[in-house]
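Undergrad: What follows is the residue order along each chain.
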Amino acid sequence: MTSDTPAGRRFRVFNRRRSAPSRARRRLGAAARMLAALALAGGIYTAFAPGAFAEDDTQLSTAAQEGQALFNNSCVTCHGLNAEGVEGRGPSLIGVGSASVEFQVGTGRMPMTRQEAQAEQKRPVFDETQTKQLGQYIQELGGGPQIPAGDLTDNVKTNPEALAKGGELFRLNCAQCHGNVGAGGALSSGKFAPSLHDATPSQIYGAMLTGPQNMPVFGDNELTPEQKTEIITYINTQIQNDKDPGGIFNLGGYGPATEGLAIFVVGITILVFTSLWIAGKS
Amino acid sequence: MTVTQDGAHGAGTKPVDVNDPKLSRFDIVREGARRDDIEIVTYESQFQGTNSKAEKRVVRNIALLFMISGLAAAAFVVFFIVWPWEFELGHTMSDYYTPILGISLGISLFALGIAILAWAKKLLPHEVSIQDRHNKPSSDEDRLITGQTMAYLVDELGVQRRPLLKGAIALGLAPLGVAAAAPLLGGLIENPHKDSEPFMYHTGFDPVPNNGQLVRLTREDGSPVRPDDVSVGGQITVFPGIPGGATNKYADSPTLLVHLRAQDAQDAREATEADKINKGGMWGNYVAYSKICTHAGCPASLYEQQTNRLLCPCHQSQFLITDNARPIFGPASRRLPLLPLEVDEEGFFVAASDYPEVIGPDFWERP
Amino acid sequence: MKRRRLDLAQVPANVGKGVDDRYKVATPLRGLLNKVFPDHWSFLLGEIALFSFVVLLLSGVFLTLFFDPSMKEVTYDGPYTALRGVDMSAAYASSLHISFEVRGGLFMRQMHHWAALLFMASIVIHMARIFFTGAFRKPREANWTIGIILFLLGFFAGFTGYSLPDDGLSGTGLRIASAIMLSIPVIGTWMSAAVFGGEYPGEFIIGRFYIAHVLLIPGGLLALISVHLGLVFAQKHTQWPGPLRTNDNVVGERMFPRYALKQGGFFMAVFGTIALLAGLFQINPIWLFGPYLASAVSSASQPDWYVMFMDGLVRLMPAWQIDFPIGDGYVLPPLFWPAVVGLGALFTLPMLYPTIEARRTKDKGSHHLLQRPRDAPERTGVGAMAFTFFTIATLSGANDVIADKFHISLNAMTWAGRIGLLVLPPLAYYISVRVCLGLQQHDREVLAHGVETGIIRRNPDGRFEEVHQPLGPVDDHGHPIPLDYIGWVVPKKMNRVGALAPAIKGFFFPVETLPEAPVSPAVPSVTGPSAREEITSGR
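The listed protein sequences correspond, in order, to chains A, B and C.
Mind the numbering: the first sequence is residues 3 to 284 in the working numbering, read in order.
Mind the numbering: the second sequence is residues 99 to 465 in the working numbering, read in order.
Mind the numbering: the third sequence is residues 138 to 676 in the working numbering, read in order.
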């Protein structure tokens, strides 16, 4: 058994802190592994020639320089100088690309307030321009995937097939974690897949491209940019903007769980009160 | 107080002559109740005097409820006919068709219900009646007679005295009973082991039905998968590259192909190499496990790329990919089978063989 | 030509005469119209189930007119854009057709589903009422057993109906059903192959479930509901103890005029509630679930709530697999215990309970008077235990949704369920027995000493004591003569006739009004002779 043996887990409900060391340790392990992977991918860059980047500073674009300033203010503690990562605090960002930055910072997941099972979405600290600048900096520093500019959704009026194709891809690739209705879902040990109801097209695109947290990566070979756009079209049209035709309320889209709750809280309650009124308690 | 002794029908009232022209209708009703062993103890109007103010108010309210019900029902019919109901893409009026029907019909029926209930509860006289329950069992005499009648039947048939008939009944009727059940159940029975290669032990990746050729791993649209197609930390659902491979005909075949990070792949490789069955099943940093949970058959496909766990959304079994997909949490007791990978000369993934272990939910005779 | 004048006033009498000449109905009809029913709100809970069953039949017949129970593969070409061009079974396509192309079809589908949920919910609530009041005792054991079989039939009716649309969620349910069958030792694979017509999922299952859902199970339900009601009718309804009420009579209202009218009104209220639910809350949006694919699944895949307890037990079951190393080896998977043994036990044990209780208490008498839950503490404890178990199992069936929405670790939820399932039911037993005994004691105290008035009096010797208001006659010293407990509510509020009104009024907040002068004598009772209203030992 791993750290998930009963003894290690039992007190989680009552006290989240107790298991914090083990989680930190796991994150540390994950960070170390990610470092190792990136070290391989990024090759000599990160391992042997960190100094090279310092010299490259002068070649950064204006936007990237702005981004660097922001980075050195807010991110450097965990991700280290020149985004090389800090052992035990945060992974290196070399090679993650602007897509990752725009997703993590744009959804408020970064900067993190504390180490936990998973970075939670919150109010973004940086505005849109600042996020772009940070992304630009990381992009120019180490390259990596980028969110394409322009419209990331198909026009369903002119291209209605995109919706159906997107739906099929969504159910095969996304629904297992985010749910058929996009309400999100639980993962192991406190991790979760977030709801998709507030995600913007570029955030969804960035998430697929970079695989934030525990989400698998859907690179351009697994899902082509067209397929990604179709999925985003489906999410945007059916999950985010469609009025559910079956009622005023959709019960959150959590399936039979909330439907069962509703039958007791609404149906049985109304009828028990009615029968109390009919017959009285005598 | 005890009201009813046997025979004291409708205690407190005496029988009356129902043909007596002086009797009111209620007197006759009361006499009827008496004959049904009911004593109407209280039957009084809820209002003092006729046409009291309170009564009029109640009547008005009930009339109002009937009107509301009628209006809502009329609205239901009108909405049913004129409201745009045909589905259209996007946020349109038709999205409110079902809600508007439900609300108008609901209001109509509920108001009608309340109106009727209020009528019964507020307008009709308050009543307490007592009815004899008649819960005494039959008299001993009747029991005796019925028992003897049944015993008499048995006697007359004389099964006791005619042992040959007893045997004949058993021999004659038992096969008939079986004969009645046979076509009902027999038609349903399918031998799961009838094929020389029973389906439980094979999936679409078996090269034998594919003319001995190794089966490619394909996407849902049938296109084959190259190693490049799966990003590091990515996964893809693959199907056997045979006709209909992605359909429910091969419900046991969906497989999850994962591209692990170098360090994780190292762990996974060490684990598979140490295993008798999974040995040599990985290809590079790629590993493929059955997507069908060994617990209850749901697709165990919630891949956590940092912890390398696979979670099944039905019963929360968790499998550790870096350790031969061993179950580490939840009700699953058996690891996910590994699909041995190879790459053919054209650079596409193929299954080196069928799954070496049985796919999907466990069953009694699984070796 | 001479025309016979039609005397309209005589028509009912003539028709009645004609009918009675032929069928001799006057006497039994009088008995029916006069039948007395006791009146209590809790006696109406079973009616909810009956009425939602009527709604189920009505809406279900409508749905069969459009549903195509076929697994033939078709390509969707309907108005729902997001599935156009997708391959699916004809069953799923026709479910979409009902939802989007039949006028009012989606409304009917939703009414049918909500009525099913309400049917099962009211059965459970009704069952709780029967259990906690001891209404299952002799002579009603058979009807209790029939009730449990009705729940079981409803369970299967619900599951088959859930499977029919052949959408992503129902396919997942079918897959689990096949796994449960496979887990049965020795005959597992044979059973699954028989039900599915070979390998899962095959091409037969929707058609087979359809005939079970629309004919076999509803037929069984209809037959058993008739017997259930027939027995209630023949044995007459139980009643609470109280003034005038004995084990040998029924005190209440005659069927006509009041009781039947109330039933009719309540049916409309149930029907209206279902219609409101169907209009306000979207249920089972199959168009978002897509056609069933063995490779696709959604997070939060759950059965409907009345199956959730079984799914919860399956989730909580530890991974205990039993191997039999004989020959090639045989396996008993962990799924077998909760899903097959557990389900069987959860239906068999309640069926046996009336016998067990009668044997334990050595009680052979017939009971037509109900018991207050407090008067049978052990039974109440057992019931609390059973419902705690059921609730924890049901909640565990949705533990992933709870974990996600309340930010609790999923693994912690599973462990909480495992521990809770073992620890909480005995705790519920203990607590409810103690509460029952406490309530009993308080009742006895009031009967012996009178109602607590909250008025403190100082005696001449300086002692303080609370004034008790006697419920019945007093002895020479002014002390109440202890009364017998008759198994019914004991007044706990002081009678304020002749006393000052409470100084502070209001329930949540004090209502600032000046205390009025002593309350005027009570409004004259509208009921009959007050002599009958005395609290007496009904038995």
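Treat the hints with care, since some could be wrong.
To be verified - Below, simulated EDC-like cross-link-like pairs (lysine to aspartate or glutamate); rule was C-alpha separation at most 20 Å, straight line:
hint, chain 1, residue 1, chain 2, residue 2
1, C, 209, C, 340
2, B, 219, B, 318
3, C, 373, B, 134
4, C, 630, C, 582
5, A, 159, A, 228
6, B, 347, B, 318
7, C, 209, C, 336
8, C, 161, C, 144
9, C, 161, B, 134
10, A, 245, B, 193
11, A, 245, C, 238
12, B, 347, C, 385
13, B, 234, B, 318
14, C, 373, C, 184
15, B, 292, C, 224
16, B, 234, C, 278
17, B, 347, C, 278
18, C, 501, B, 318
19, B, 347, C, 340
Claimed, not checked - A partial selection of chain B residues facing chain A, derived with a Cβ cut-off under 7 Å:
hint, residue
20, 282
21, 332
22, 364
23, 400
24, 403
Simulated from the structure, these hints should not be mistaken for laboratory data.
Glycine included, each C-beta is placed from N, C-alpha and C at the ideal position.
Undergrad: For the pair supplied as a hint, residue 245 of chain A and residue 193 of chain B, is the alpha-carbon distance within the 20 Å limit?
TA: 6 Å, holds
Undergrad: Given the hinted pair residue 219 of chain B and residue 318 of chain B, is their alpha-carbon gap at most 20 Å?
TA: Since the Cα atoms of residue 219 of chain B and residue 318 of chain B sit roughly 64 Å apart, the hinted pair is violated (cutoff 20 Å).
Undergrad: Check the hint pairing residue 161 of chain C with residue 134 of chain B against an upper bound of 20 Å on the C-alpha distance.
TA: 17 Å, holds
Undergrad: Should the hint that residue 332 of chain B touches chain A count as held when the rule is a Cβ pair under 7 Å?
TA: Since the shortest Cβ distance to chain A is 4 Å, the answer is holds.
Undergrad: Are the Cα positions of residue 161 of chain C and residue 144 of chain C separated by 20 Å at most?
TA: Violated: residue 161 of chain C and residue 144 of chain C sit about 24 Å apart, past 20 Å.
Undergrad: Is residue 347 of chain B close enough to residue 340 of chain C, meaning Cα to Cα at most 20 Å?
TA: Roughly 9 Å separates the two Cα atoms, so the pair holds.
Undergrad: Quickly compare the C-alpha distance for residue 209 of chain C and residue 336 of chain C to 20 Å and report which way the hint goes.
TA: Given that 20 Å is the threshold and the Cα spacing comes to 16 Å, the pair holds.
Undergrad: Would the pair residue 373 of chain C and residue 184 of chain C pass a check requiring their Cα atoms to be no farther apart than 20 Å?
TA: The hint holds at about 15 Å.
Undergrad: Within 20 Å, alpha carbon to alpha carbon, are residue 630 of chain C and residue 582 of chain C?
TA: Cα-Cα ~14 Å, so holds.
Undergrad: Assess, step by step, whether the Cα of residue 234 of chain B is no farther than 20 Å from the Cα of residue 278 of chain C, and give holds or violated.
TA: Holds, at about 17 Å.
Undergrad: With a cut-off of 7 Å, does the beta carbon of residue 364 of chain B approach a beta carbon of chain A closely enough for the hint to hold?
TA: Not OK, violated: residue 364 of chain B not within 7 Å of chain A, min 9 Å.
Undergrad: Is it true that the CA of residue 373 of chain C sits at most 20 Å from the CA of residue 134 of chain B?
TA: Holds, at roughly 14 Å.
Going down the numbered hints, you'll see the structure goes against 2, 8, 12, 13, 15, 17, 18, 20, 22, while the others check out.
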